[in-house]
Every structure is written in structure tokens, then in C-alpha cells.
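Protein chains in written order, with full-length UniProt numbering: chain A, 1 to 651; chain B, 1 to 651; chain C, 1 to 651.
Some hints could be false.
[Claimed, not checked] Under the rule of at most 20 Å between Cα atoms (straight-line distance), these lysine to aspartate or glutamate pairs were calculated in the EDC-like manner:
#1 A/LYS377 to A/ASP125
#2 C/LYS169 to C/ASP457
#3 B/LYS126 to B/GLU51
#4 C/LYS377 to C/GLU62
#5 C/LYS461 to C/GLU499
#6 A/LYS126 to A/GLU13
#7 A/LYS86 to C/GLU62
#8 A/LYS138 to A/GLU156
#9 A/LYS413 to A/GLU250
#10 B/LYS86 to A/ASP630
#11 A/LYS86 to C/ASP174
#12 B/LYS413 to C/ASP172
#13 A/LYS126 to A/ASP53
#14 A/LYS169 to A/ASP457
#15 B/LYS133 to B/GLU250
#16 B/LYS461 to B/GLU348
#17 C/LYS126 to C/ASP172
#18 C/LYS413 to C/GLU499
#19 B/LYS86 to A/ASP193
#20 C/LYS133 to C/GLU18
#21 C/LYS377 to C/ASP618
#22 A/LYS413 to B/GLU538
#23 B/LYS413 to B/GLU513
#24 C/LYS86 to B/GLU513
#25 B/LYS86 to A/ASP53
#26 C/LYS413 to A/ASP586
#27 C/LYS86 to B/GLU237
#28 A/LYS86 to C/ASP172
#29 B/LYS461 to B/GLU428
#30 B/LYS461 to B/GLU499
#31 C/LYS86 to B/GLU156
#32 C/LYS376 to C/ASP627
#33 A/LYS86 to C/ASP3
#34 B/LYS86 to A/ASP125
#35 B/LYS126 to B/GLU62
#36 C/LYS461 to C/ASP535
#37 C/LYS86 to B/ASP193
In short, the hints are calculated from the structure, not lab data.
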Amino acid sequence: MQDIRFGGDYNPEQWPEEIWLEDVRLMREAGVNLVSLGVFNWGIIEPAPGEYDWSGLDAIVELLHANGIGVNMGTPTSSPPAWLRKAHPEIRLVDAEGRTLAGGSRHGVCPSSPAYAEACASIVDKIAERYGKHPAVKLWHIHNEYGWANVECYCEASATAFQGWLAEKYGDVDRLNEAWGTAFWGLVYRSFDQVEAPAAAPPGVNPALRLDWKRFSNDEHVRNYRMQREVIARHSEAPATTNFMIPNCEGMDYRRWAGTVDVVSNNHYLIAERPDHQIELSMSADLTRAVANGPWMVMEHSTSAVNWQPRNIAKTTGELRRNSLAHVARGADGLMFFQWRASRAGAEKFHSAMLPHGGTDTEVWRDVAALGNDLKKLSAVVGADVAADVAVLWDWESWWALELEWRPSVDLKYRERVEAYYAALWREHVTVDFAHPEADLSGYRLVVAPSSYVLTDAASKNLRGYVENGGHLVVSYFSGIVDEHDTVHPGAHPGALRETLGLWIEEFHPLHERESLSLDSGAAGRIWSEHVRLDGAEAVARFASGPDAGRPALTRHDLGRGTAWYAATALDAGTGLDELLATAMDAAGVERPQGVPDGVEVVRRGAHRFLINHTGQDVQVPGAGVDALDGTAYDGRVPVRAGGVVVLADA
Amino acid sequence: MQDIRFGGDYNPEQWPEEIWLEDVRLMREAGVNLVSLGVFNWGIIEPAPGEYDWSGLDAIVELLHANGIGVNMGTPTSSPPAWLRKAHPEIRLVDAEGRTLAGGSRHGVCPSSPAYAEACASIVDKIAERYGKHPAVKLWHIHNEYGWANVECYCEASATAFQGWLAEKYGDVDRLNEAWGTAFWGLVYRSFDQVEAPAAAPPGVNPALRLDWKRFSNDEHVRNYRMQREVIARHSEAPATTNFMIPNCEGMDYRRWAGTVDVVSNNHYLIAERPDHQIELSMSADLTRAVANGPWMVMEHSTSAVNWQPRNIAKTTGELRRNSLAHVARGADGLMFFQWRASRAGAEKFHSAMLPHGGTDTEVWRDVAALGNDLKKLSAVVGADVAADVAVLWDWESWWALELEWRPSVDLKYRERVEAYYAALWREHVTVDFAHPEADLSGYRLVVAPSSYVLTDAASKNLRGYVENGGHLVVSYFSGIVDEHDTVHPGAHPGALRETLGLWIEEFHPLHERESLSLDSGAAGRIWSEHVRLDGAEAVARFASGPDAGRPALTRHDLGRGTAWYAATALDAGTGLDELLATAMDAAGVERPQGVPDGVEVVRRGAHRFLINHTGQDVQVPGAGVDALDGTAYDGRVPVRAGGVVVLADA
Amino acid sequence: MQDIRFGGDYNPEQWPEEIWLEDVRLMREAGVNLVSLGVFNWGIIEPAPGEYDWSGLDAIVELLHANGIGVNMGTPTSSPPAWLRKAHPEIRLVDAEGRTLAGGSRHGVCPSSPAYAEACASIVDKIAERYGKHPAVKLWHIHNEYGWANVECYCEASATAFQGWLAEKYGDVDRLNEAWGTAFWGLVYRSFDQVEAPAAAPPGVNPALRLDWKRFSNDEHVRNYRMQREVIARHSEAPATTNFMIPNCEGMDYRRWAGTVDVVSNNHYLIAERPDHQIELSMSADLTRAVANGPWMVMEHSTSAVNWQPRNIAKTTGELRRNSLAHVARGADGLMFFQWRASRAGAEKFHSAMLPHGGTDTEVWRDVAALGNDLKKLSAVVGADVAADVAVLWDWESWWALELEWRPSVDLKYRERVEAYYAALWREHVTVDFAHPEADLSGYRLVVAPSSYVLTDAASKNLRGYVENGGHLVVSYFSGIVDEHDTVHPGAHPGALRETLGLWIEEFHPLHERESLSLDSGAAGRIWSEHVRLDGAEAVARFASGPDAGRPALTRHDLGRGTAWYAATALDAGTGLDELLATAMDAAGVERPQGVPDGVEVVRRGAHRFLINHTGQDVQVPGAGVDALDGTAYDGRVPVRAGGVVVLADA
């Protein structure tokens, strides 16, 4: 049985060697079994072109190995050394404003630069050659946070690469013209080399150009990853990963990364000023599980505050434990932190760490050590899956397209609706999967489509088939409007869902800023109203105010053996959203945990049930089994202390 | 008798040919008599340099002609093709930040570029040669929205053109030094080629340089228009226009376009989030009439929502009709829309159209068809003028100069005061003309100068003569401060109006943000206070609070046979502004419609009176005549339904 | 006995010669004894390279001299002429965004440009040669407002100069790597020429790089000053200055200017929209005295409104006099204004002047003339010092470092806390000195460290010694965190003060936006909370709410013969801050003026006491002596009229 991976980024080069021994002693004390090395050490191991210094890295790998701690070996390509920038100024990133970015930080290089790629291949080859067969190396950590600050580059090399990418995708430039609708404004191209990168331009840049640019920009990072992966494979059989940032790196479509990594790993940092940051964490974990299609690992999270948010709110007592076990509950088989020991210098010295500036007589350190030791008792969950009856549709392409310029309202935000529906389900203790609109949905009793703005013909057909075959579908407004080129489906909106929903939209009626309206059901709506024309569906509720007063606001359409619901406004949490979902779940036969107090997260993973009490009160949750951490047996009601967590193994 | 022009932009190239026949059938159904073609088709008709494809355009022109629909033939120069940008990268616009703008949209080219001008001349020549004598072509639509996104370019070619423009204007560089006051900060020039374009610079750029740069930038677009006009005249006798954007394109001084167009046409889009957007529409129409010095036409407006505002609020029931007839009432002899059929792709697919995505079973389509048929009954208004007793002064140069950097207060906004005075008159059902400060004002009983910051010596003399000869003048603060070079008139403020107003200003006292003050008349003021020193005038009201408590706030000066009023603060609507205007109108003998309910717009145009009910209640308006649309005769009280319009022909 | 210098910037080149005679007559009427000439006249005296025109300047110097008015001779290098920009385009400033700044304003040049330096040296040599021995020249005014708009340049010449500056500072690049902590993210350098200027870059630029860049940028201006000073010294024995902008030019560390000027002069403009702008003025004056280490002069302030603030609020009645005498009270031996006569053209025509557009029949002119004549009666204060028992620590390096990116909270602002503590002392009528953390503090009874984020080891030792030797120290949170390279001191925070304060911080707890908390003492706190661990100190008050409820909020530590207090939150004015300071002042034996009404400023300078009544009520202040302005003798209670000032000479 494999243990849950536990550890963090380790940067011994920032410390004198006498500290290393203390580090390793404390790692053992805390149950650390894996550390990430060398994520940013390029300038140290290759101080000048072709000149290598392995002394430090060799020593630390041996030290860790001798102490039974595994190595997650990094490739340091996200922070190319100063000499490379000096020798090849053309690798510097050019942003959308035309600014050539300066150094002194990481990431500021062009992902399409040949000179950069060549230098990457060279250093990765050297590292893999040296450590590829070392028994300490359990995992490869390629690059760091692809897309963090250099997701898009607008230099000439990038523009040329984009033209090549388009040529490969479309073959013939007239297929591009057709796909992009370039007849509009006469923006037709005669050859691929006439296409410009969509840098700063007058408003109204072709949206299909923007979408393909985003796909291309993502793919250039995939290309770099694949190249590094292949180099490593020549020297090592250890698995490889790169740390994703799901879903807080909007520029990366992680669906396009499918099949690239051996282990999906994710960085997740609380958005600490959000009052609902715990729900955001759950959503990140569920999305990561969707990307992994099974278990995954946290590559970075924080023991307490970070340093790059406006106000870096520290975690409260017990929050580190609750966060960590929520990740495990939702599929994580590893919990790594950035970073082991708090830095004294540099940009991130105010970032929390496993070992804070204040040392071991601190709550953070005690919590880290306790967590490491708790995790040893949870090895049984490794590899187990999380089951869900409900799927929420998620598609990076809808996110990208929905938030391009010149939409009906700036209040239309992809995540706004997804999070609203997700949060409503979370509050009902319903665990969900995220799924792509073209995925096989037949295993779900209920599918929710909060913001499916882009739906391809295939997705349209998929959703219709899902309903006809007995599925239950809840759709929110501004879904099914366009295809993958941001072209409106023919006929009335929503073209991809008209028949499934049994209605069409005569006109959109975005609301004024902060305007709200009411439904005759008593629910409230914001952001959106529209003129719904029924064509098979029936009105479940009608607008009682606003531009469409008297017209349908919530509809239901029985189709084949299933049912499709539609909400024509941004239902607020409470009466509106919760009632709609409750009705749909009842109809779909979705079972929800009963008797669970508000604010308590309940997630089943394999043979374990995680009970996480986010409230300030001691509670009791119905259930039976054995506490995996302390061995207590329960049969009926499980007490969970204020802020506490119980992991219940099936009896 | 000519019909009112009715139709819209037509872009058949976005649709398969089978749609064209449906289009023309529906156009006839709706009474369309004119469509704009080819506004953006450069890349389609000239797919490569010197290679032309007329097939589509030929066919559509014939089809329209066969169906009795006239053509407003565009020149496609606002959207130059990708091949031109590729072949001549130097035509790309450089903005004030030094960014070279990318393609993928329209307009992003330098208006001073020789290569661009040459390509424009060439394509216009080809189009005019081909269609110049075609009987379907009723009008030429040159370019599109001059100044929309490329009003100013900061490339080297532009800087050189600017130097030439200055040399032509000033002849001798010492005249420029004198005019610009370059002794300040020692910014003197020894030759014209030392003048730089005023791109990003440290704060405090010479304001006279900025003003001349704005004039130059405007004139470069005029130059392009004139060039195209001359090319067309070689092939065609049809009249020509270009679509202005009055007054929402701050960069264009449409007074400098006088004499360039055969027909003044204007694009007007509701600023839908403004609660007073109906008044803004009226003001735009009145301003356009001033530019046209008579009837004009709407070249673009929308049937409902646009797509480029933050929240694109749709029109409410009846609003399309009220908007359209308000334009006609204020001088429009044509009502064209952007666009005929809603696009499926591109940047503007969420813009409303005459034929929406939802097709003909929609309120928008029914309203469009009804409007087209109503307009046929209003042919009698074509060519008729609108009479006004009151003029409001308007001058783009004051707008530009008033909002340059380093004014006494950022709350000083040109349009803020103009709109405040205009709206107060609108609410009193008073139709106004807009006039330039140097224009002959002798025909007006009352002249209002809300923001006449720039007044030349000629304007100063003009206004004084107007009053001395019996005119009534109402002036708001910060008027008459500088001359055309933004140089303060000698002596105390307001130098150009001191004698006319019989007072001088010892010191300006801008208020704090959101501060307000009161007058002893009970009125309230915002933004501004000042220390008024009477020198012939008398105080009509005094400040009761604020930095000038006890000092004059409203004054009156009898001069010759007339009277000049002055308001030393931003009077709020209600007591202050309305009372001042009522007093002045009474004194001037301005007659106002009596018995008209609030929110009902009443405008006389020639032998017709337009009664437009913007309220939600049925109302009655005093009047007599025959309803031009349904033939009902009224004698005494005319009922106008909630949201409705009655056009009353004199009996 | 020398008179207080009184006058302003004089720009006769903006006016015809007939005005000059009126100017001089009025100067004499107002008691003007010094005017600044030629601050911006480079383009006038050197209209083309090597071509000089001295006629105007010669004439005006003679005219002034003949009228007994001294000359403060400017060097015009802050506004280089257009011909220099044209001949040497490489002198143009490149900003952090990579924009090359245009002309038409002043200052837009690279401070490291060799061509600019050469041209400066040449023109200064010509001016100094011509006027260096003229008896009218009393002072040299080198450049204008170093650092106003060109504090940093990112051109290649600047980057090269930076590399040279670093090489000189560190000698060996490994010392730089050590100091900057470049092991973090592997940002190591192999040679100085690999260091880039920190222009636009991805987030997370090395903070030590940023700090050294700020030091370098400051020093480049010092270098230009020193060069000019040396040129002048070859021709003249008159003293020299340049006008500082303390403390409102964040880019200049005036401590690094120590020893450069013969007379410290400062520009101070009210931040008029701040309700506490009077206190801000006092603080500026006290800081300037600290920089001067004794008396100084105001080189520029305004008679009323300026023109570059958002809303340029005019001074109220008597405010010009109160402002002016407050400067004198706090050490000013000169009061100069920008400018003598209000300009008609250019960027600053709406800036108030000694002689406004409205002429001499104005309150401003009467106040200026009265002030000039009052000052003649205050010659006795010239050279006298201001004594203080309390020092507030001030260090530009802490300001710079505290506000770099990625701090624990964006609400951490250097001036916020300094101003809060300063204002609390001001309200208690306590005059303070500002002092550097490494300065000899033994003369002060109390030292306050509101925001001493950077403390070097020397400063740490200095503060500890101060307390041990009987001093009283009040420290606010986030002080003593890092050293001069922004490297965290070893161990727990606050490393530089841990032992002095007898405590350590386990974790920072920045509050949410607008969050507040309470202490068990009844005080309120904002912005900050933290987990204080006592280690010798005792808790004086504890948090009653917030993330650290129950933990120490205010502490006291007796160390040696002194005491150190600590505040772990942003105490609000009122209960919290005032009580803490009162307690500390009582303990330290700081005497405060008794019986002085709120809002009355009382400052002793040498043998004079300035009583400045900022309230709208007549007040009485305990005191005795003779009114230096009107000769009245008081013994016990001195009446000061509403808005008035009394200068009391010791009897």
C-alpha cells in the first residue's frame, strides 16, 4: 500500500549546509516522504553556458535518499538564467502591449522561442542523464506552472509559430476564412502569413482569431512539456508531471493537456479574501479530479497565508487540516506544500511555509507535523475513486469565448454561474463531477450546464441524447449560443439547445448594473432576463418584474425519457437556485445526505467518508464506521468537533 | 415628393445566395428603399493587390435594382485588407503609448500614411468606375466612421505631416512660438521639424500644442475624405456622404468638415445605461441639424441593443418607433440601421438588426416593418426645417480645450453643463438650435453659453454685439476664459465676457468631490464656486454657503438693448437651473408650449408637429390638425397613448 | 541681521518689457528681496547649439539689481531645448513600460545620458561664467525639482550606468548575489552586465534589485547636481541649492543628498483636498529641517490654488499667512513662491501667483504684500533652531521597501502610520524632529518608530542602546523586519527589534479590507493584527476581537534604564493612539504645552513662540512676551484671533 505523498518544495541552495541536516531531521519528524528539488536552480547548476556545478544537488539528493525521503526532481526551465537572456535577447517575452519584458523574475520568456527550447532540451538532458536512474527520484516535476505569467507571447517568432499552427489546423486558408467568418468587416486572408498575432488593436478583433490564438498559446506550452518529457524518457523510467493551476490559470485549457502527464498534480491556493474560499477549494479539487479522470495530487498549497494576494489572510486554527483532508477526500493522493522552509530573501519571503520564520514553536509547524502523521493512517484511500450522481459541465473554451469583448453584458462571467450552481450543490452536501459537454454523461442522474456558451454540434447532440435517454438536464441562460468558432448557431438562440429545451429566445435583456428582478415563485434574479418563447416546454415560473415581466423565467421540457430545465436569469442562492436544483434532483432521483448540519462537508471516497466541520460548533453527523485516525467506532451519530475532521472507514 | 430614406447596412457576402432572395423580399415587405453596400468589402473585391472580384457585388446591385431598392455605395477604406498591412507594415497605427496596433479588426491604420492613401485612391477609383453611372446608386458612402478608432496616429509619417501642417498654418516658426506661448518652460522651437507629436510625455505638455494636434488629426481625416470624393466625382454625379458620429466622437470637430459632404449623415446609438438617453438622442439630432444647417439623415442607429457597451440594454416596447420619429422630428430625412440581418460571426453578432437571429416572428421585425410603412406617410416632411427661438452655443474647440490636463478641477466637463442646460430646456418642451459662438445669433431670442471656455476675440465681440442689439444671453461659469490657443485673455477672468457680463472673477473656487452648496434663492450648486466682483451687473442671487458665501452667485447685466445673465456654479436641475432659464426666457419673450405633460416631447418641423410620449401613461396634448399616420382630425386636445407618437399635420 | 528671503520665480520672458517695470515696482511694494530667474530659459538663452542670446537676462538682472532685489540664478537643465532632443534623440526618457517619452513638456530626459550631461555642463558653464561674479546673484538654483517626472529611466544608457553603479558598490558579483539573495528562483548573475533594469516584467522581481535600482536612480540625479555644482564653483562663490520636494517626491531619498547643497530649499504644495493638509505641511517642514539639520528655506509654495491636483482648492482667508508662518516657525529662513506673476499661456496658467490674473485689487495680492512686510519684523528668527524632545524615525529606504510588491497587505503604507503618529503628536502641540534610525538619538526623551520596516544591524543596535541607556521607544507593527537588502532578519519577526521589544511574532494576520477590531482597552485597530509571543515584555492591552483575540496587542518592555512599547495593530486616532503616546510621553517625561486649545499650533523657534490659530474661533493661549509683529506685550494669556497668527518674542 502506497503512502499519501507528503512534503513540499525544498530549496536548500538558499541555506548554508548546516541547516540541511536540521531540515532533514525535521522532515522525518513531520513524516515527509517526498520533496521537490531543483524547480528553480538552472542558474545554479549551469552558472554559464555548458558549465555545470552539481555539487550541491548531488549532496542533497544523497542526504535525502539516506533518510528515506523521495525526490520529485524539477526541471528548472521556468526560470531561465540571466546568461541565457543576455546571450539570446530574442527569447524575452513580448506582451500584448508590445512591451519586451525585463528579467529579475521568472517566466518572462517566449514559449515559442527556438533558442529557449534548445536551452531547455540541453539542461533537461543533463539533469535526466545525471539523476534519471537514481533510486531517490520518484517523480519528475517538469517546469513550473506552465502559463503562469507567459501564457501568451506576441513576438515575431510567436506570430510565425501561430501561422504554422493555423496552417496545420486548417490546411487551406479558405477553411480558416470560413471558420472565422472573415467576411465580416472584410477580414479575409489570402495566405496564412497574413494573419497577425492579436496584440493591442482597435476594438472588435475577430473573436474566432482570439479563440484560436488562445488554443495556440496553450499548445505551445504543451509542446515544451512534451519535448522535455521525451528527453527525460531517454534517461529515466520514473513518472512525470507538471503542476497545473486548476482552475485559476485561465490561459491554460487543461483538457488540451490530456495524456501528457503520468500523474495529474495541481497547485491550489486559497483566495483568502473570498468568504466562500472553502467551496472554491472543493471546486478546484473536483475539477482536478475531472482532468485526471481519477486520483491526483496537490503539488503546491500553503500552510497559511500567501504573499501575492492583496491582503494575505492567514489560515485560521484547523484550516490547514481541513483544507488538506478536503483535497484527499476529493481524490488527492499527495499533499505537497510550497515550500519547506520560509525564505529570508526574494519575492516570496512572506509566503508561509511548512517551517515558518518563527521556527518549530509555532502552530503552523505543529499542524504540519500532525498532518504528516495523520496521513500515514490514510494510506488505504490511495487510488480510491470518488463517486458522483451529478455532473456539472465545464469547458475552458466556453470560459474563453464567453468573456471575449463585445458580449451582451460585462456581467456575464463564466465562473460566476458555475460557482453559483456548484456552491448550491455543495451546501446540499452533494458531491459532483465536472464533465465536458461532449463526454459520456449516461452515468449521471443529473447534469447541470451553468455557462455552456460554446456547444459544438456534437455536444448539442450529446446533451439531447442524454435527455432523451432518461437524463435530467438543468441549463442556465446564455448556453448553447455558439459553436467552437464563436459563430452563432443558425436560427434563434440557443441554437444548440433549442430543441432539447423546447423553447427559443426572442431577445436578450441584460439588466442594468446591480439591478435585480423577481419571479412569481418568490425567487430573485440578477444580471440577465430574456424573452423566452415556449415551443414544447412549459413555464415553471414567470418573471414578476423586469423587462420580461409575465414571461417564462423557469421552464421544464419533457423529452423522450428525460427532462430539461431552463433558467432565464441569474437565480440567487436561496429560494431560486436551491429550489430549482432540489426539484431537479428529486425528479432525477439524486440522493442527498440527510441530517448533515449546514457548513459540514461530507464526501465519500472509496470506503471512506470524510466529515469536515467548517463551523464553529461541535456537530453530529449521521453515519457509522471506524474513525481512521483514532480508531473510535461509531454506529449512528458521529460527533465532529468545531473546525474538526473525522475520516470514517466503512465498518 | 421624395420618400424618407429607409433601410440599413447590407452585407450579403456573409450569407449564401439563397438568403439574398429572402432578404430582398423582406426588404420590400418592410418598405426599404435604400441599402448601404460594400462598407467593409475591400478584402473581398480586391483579394490580392490589383486582383478584383466583382461577381458578388455586381449580382447584388442588379438584384436590388430590379426590386426598386436604391444603393448607398460604400468605399471600404475603413477596413483595409490583410495583404495591404502585410505589404506595407508602415501603415499600421502607432498610438499615443507608442504601440503599433495589430490587425484582425478595422480602422487600425495611420490616416497620414502615403501608402494607405494610395491604396485608397486605387480601390475607390475602381469602384467608382464600375458603379459610378449605375442607376441604382443613389448615394456614396465614403469610408466608415472617420475617427472611430484611429483619430490620432503617432508614427513618424504622422509627425512629419504635423510639422507640414504647422508650417502651412503659421508660416514662420516664431508665429507658432507666439501663439503657443512657448516662452513658458522655454519650450521654444527654432524650426518646425523640432516639433514632436504629443505622445506619452511627462505631465504638462503645452496645451496649445495639444490643441493644434487635435485640429491636425481631424484634418488628416478630412483630407482622406476629400481625396476619395474627388476620385468619385471623376466617375459619378451621385451625391456623397460619410457617416458622422455626432456628438459621440470627441476627436472629430464636425465644424471643420463643413462643405465636405453633399448630405450630412449621422450614426447615433443610444447610450442605453443612461437614464436620460432619450434626451441625449434629441441633442445628437439637434447638433447634427446644426452641422447640416438643415435636414440630414440617420445613417446608422439600432433597432434594439448594441453589442459594444458594457451592458447592452435592449429597447423597450415602442422605443424604436419613438427614437426614429424623434430623429425625423428634428430634421432627419432618412432612417438607416446597422444592419439589415444579424450576423452569425464576427465582432458584432450580438448587435441587434432589422432582421434578428430570431427571424420575422419577433417584435423587432414587426416594428421595423411598421416603421417602414409609417414613414411612407411622412414624405411631406422631407426637406422641411425646424425652427427655434433659442440657441445653445457648441464648439468642439471648447470641448477639447476645457478637458486638457491641468484645469482647475477634473469635474469641469464640457458636456456636463451643455447637457444640463439642454435637458432643462427639453423638459420645458423648448426646441433649440446649436450654434457656434461666432455665428450670426441675431435670429434667436435667447442664447445659452453653458461651457464656452474658448472664445476668440471675434466670438467675444459677436456675443457683446448680440446682447447690445437686444439679445438675451445666459452664461455659465468657466466661459470666455481663453482664446483659440488656450491663452488666457488679458486681465481678470473671464476676459472675453467681462464687459458683456459686467463683472470679473477674483478667484476660482472649485469644490471638493461631491460637495454641494446653496444659494440664497434656495437653489443648489455643485462643482464650482468663485469670487465674483460686480462691475455693472447686479446680483440676482448670492451664495448662502461654500467658499463664497455672501457673494454673487447669479447676476444680470443690462447692456444696450439686451441682457446678460451669469451663473457662477453648476446649478442643479430643479429650482436653480430651471428658474434661471424660465426667468431668462420670460425676459427674452421665448414662447413655450403650454399644457404639455412632463416627459412628452413636442417638436415642430415645418407643417408637422411631432408628439412623442415617453411616459407610461396615456396623455392629452393641446393641439389641432390631422394625424398624418392615421388621418384622425383633432381640434383642441390630442390624445397620445402611453409610449406612443402622433404626427400632427397642420389643418 | 539677515532678512528672511522673500520672493518667487520670475519669468519675465513671458511678458513684454513694459510689464517688467511694473513688476519691479510691485516687488518693492511687497518687500520682495529675492527672485529666481532662468529656471526654464535654456531654449531662450541658447536658441540653437552654441548660439547665445543674453540680452533679456542681462537687462532683467540689471533692473533687479538697481532696485535692490537679489537674484537666485537658475540653471535651466530641467527643460532642455527642442534642438537638443532633435540632435540627440537618445537623451529621451524611456519609462518602465518601454515608452520613449515625447517632448512638449519638461523633464523628459534620461538622467544618465552622456549627451544630456555634456549639454548641461556647457550651458551651466556659460551662465556661471557670465553671472558668477555679479553682485545681484545671491544664490544658485541648480536644475528644478530633480526627480519630478524623470526619476527613473530604462534606456540602454541607464541600464549600463546601473551595471557600473552596481560594480562600484559590490566589487564582486558574488557579493551582489549574496546581498540580493539570488539563490531564490535561481536569479544568480555571473557578471554585472547580466543585470537588467527592472522595467515591466512578470510579477515577483527580486526586491533587492528594485531597492538598488531606486538608490541608483536617485544617485544619478545627485551626480548631475554635483557636476553642475562643480562647474558653477569655477566661476562663483555664491552658495547653491536645488529645490527638494520633501516628502512628496517618493523617488528621491534626500538623505542621500546630504552635503550636496549649501542651503536646503524645499518646494511644498498643500494637498488641498486632504482635510488635514495643515498637518501635512507641518510634517513637510519638520522633515525638511531634519534633512537640513537646521534652518532651511521654502523655495516654492503657492499663494492659493495649484493647477495639477484633481480639484485645485484655493486657500481660505488667512491661510496663506498661516502656512507661511508655520514654515518659518519650523525652521524656514526664506519664503519663495511659484510664481511672481500668473502666466497667460502654457501648462500652469491656472496656478495661483503672487500677482494673480485679477491684478492688485485682490485678496491674494494684499496678503502677499502684508506677508512681505510682516517678515521684515521677523529677521530675528533667522538662523535660530527648533528644539524637540521627541523624534519620529523616518527613512526613505523603509518607504521604498515597505511598498514593493508582494507584501503581506496592500494596506501597509509607509506614510499611513508615520502620519498617524505625527498627527497625534501635532494635536497634542508637541513639536518633533525626524531622525534616521542610525542617528544619535540620545538627546530625545521619546523616539517613535511608526513604520521602520527596514532596520540595519547598526540601526537595531542603535535603538537597543538608546533604550538601554534610558530612552523611551514606541514601535508600531511591521518594523524591524528586514535589513537594507530587504532580507528578513534571521529568526522570528521582528528580527531587528525582538530583543529590544521583548517579544516575537508567530504570524502576521493582515485584516480584510475595511475590517476593524477592538482592544480590551477600548481602542480600535485596523489593517493589521498579529500573533505576539511575549519574551520579556508584558501585555498592556489585548485584542478583544479579530484573529488574535485574547493575545497581546500593546506591550511594554523595560530594558536597562529605558522602556520599549509596541503596538501590534493600526491604532486609530483617539483612544488608542493618543493614549499610547500620552502614556509613553508621561513615562518619558515629555512636557507638553498646557491649556492650548485644539487646532492651535504652537511652535517654539529660538526666542520666539509661534501661535497659529487654525480654528474659526478667537482663542487664548497661555504665554508671555511681546508680539513681534505689532509690539503688544502679553503676560499670561495671549489672544489669537480666529485664523490668526501671533509671533511672541520672549520678554
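Hint by hint, here is what the structure shows:
| no. | hint | result |
| --- | --- | --- |
| 1 | A/LYS377 to A/ASP125 | 38 Å, violated |
| 2 | C/LYS169 to C/ASP457 | 19 Å, holds |
| 3 | B/LYS126 to B/GLU51 | 11 Å, holds |
| 4 | C/LYS377 to C/GLU62 | 28 Å, violated |
| 5 | C/LYS461 to C/GLU499 | 10 Å, holds |
| 6 | A/LYS126 to A/GLU13 | 19 Å, holds |
| 7 | A/LYS86 to C/GLU62 | 57 Å, violated |
| 8 | A/LYS138 to A/GLU156 | 39 Å, violated |
| 9 | A/LYS413 to A/GLU250 | 12 Å, holds |
| 10 | B/LYS86 to A/ASP630 | 71 Å, violated |
| 11 | A/LYS86 to C/ASP174 | 18 Å, holds |
| 12 | B/LYS413 to C/ASP172 | 57 Å, violated |
| 13 | A/LYS126 to A/ASP53 | 11 Å, holds |
| 14 | A/LYS169 to A/ASP457 | 19 Å, holds |
| 15 | B/LYS133 to B/GLU250 | 36 Å, violated |
| 16 | B/LYS461 to B/GLU348 | 49 Å, violated |
| 17 | C/LYS126 to C/ASP172 | 41 Å, violated |
| 18 | C/LYS413 to C/GLU499 | 25 Å, violated |
| 19 | B/LYS86 to A/ASP193 | 8 Å, holds |
| 20 | C/LYS133 to C/GLU18 | 28 Å, violated |
| 21 | C/LYS377 to C/ASP618 | 24 Å, violated |
| 22 | A/LYS413 to B/GLU538 | 58 Å, violated |
| 23 | B/LYS413 to B/GLU513 | 14 Å, holds |
| 24 | C/LYS86 to B/GLU513 | 42 Å, violated |
| 25 | B/LYS86 to A/ASP53 | 48 Å, violated |
| 26 | C/LYS413 to A/ASP586 | 54 Å, violated |
| 27 | C/LYS86 to B/GLU237 | 48 Å, violated |
| 28 | A/LYS86 to C/ASP172 | 19 Å, holds |
| 29 | B/LYS461 to B/GLU428 | 30 Å, violated |
| 30 | B/LYS461 to B/GLU499 | 10 Å, holds |
| 31 | C/LYS86 to B/GLU156 | 13 Å, holds |
| 32 | C/LYS376 to C/ASP627 | 14 Å, holds |
| 33 | A/LYS86 to C/ASP3 | 59 Å, violated |
| 34 | B/LYS86 to A/ASP125 | 40 Å, violated |
| 35 | B/LYS126 to B/GLU62 | 18 Å, holds |
| 36 | C/LYS461 to C/ASP535 | 18 Å, holds |
| 37 | C/LYS86 to B/ASP193 | 8 Å, holds |
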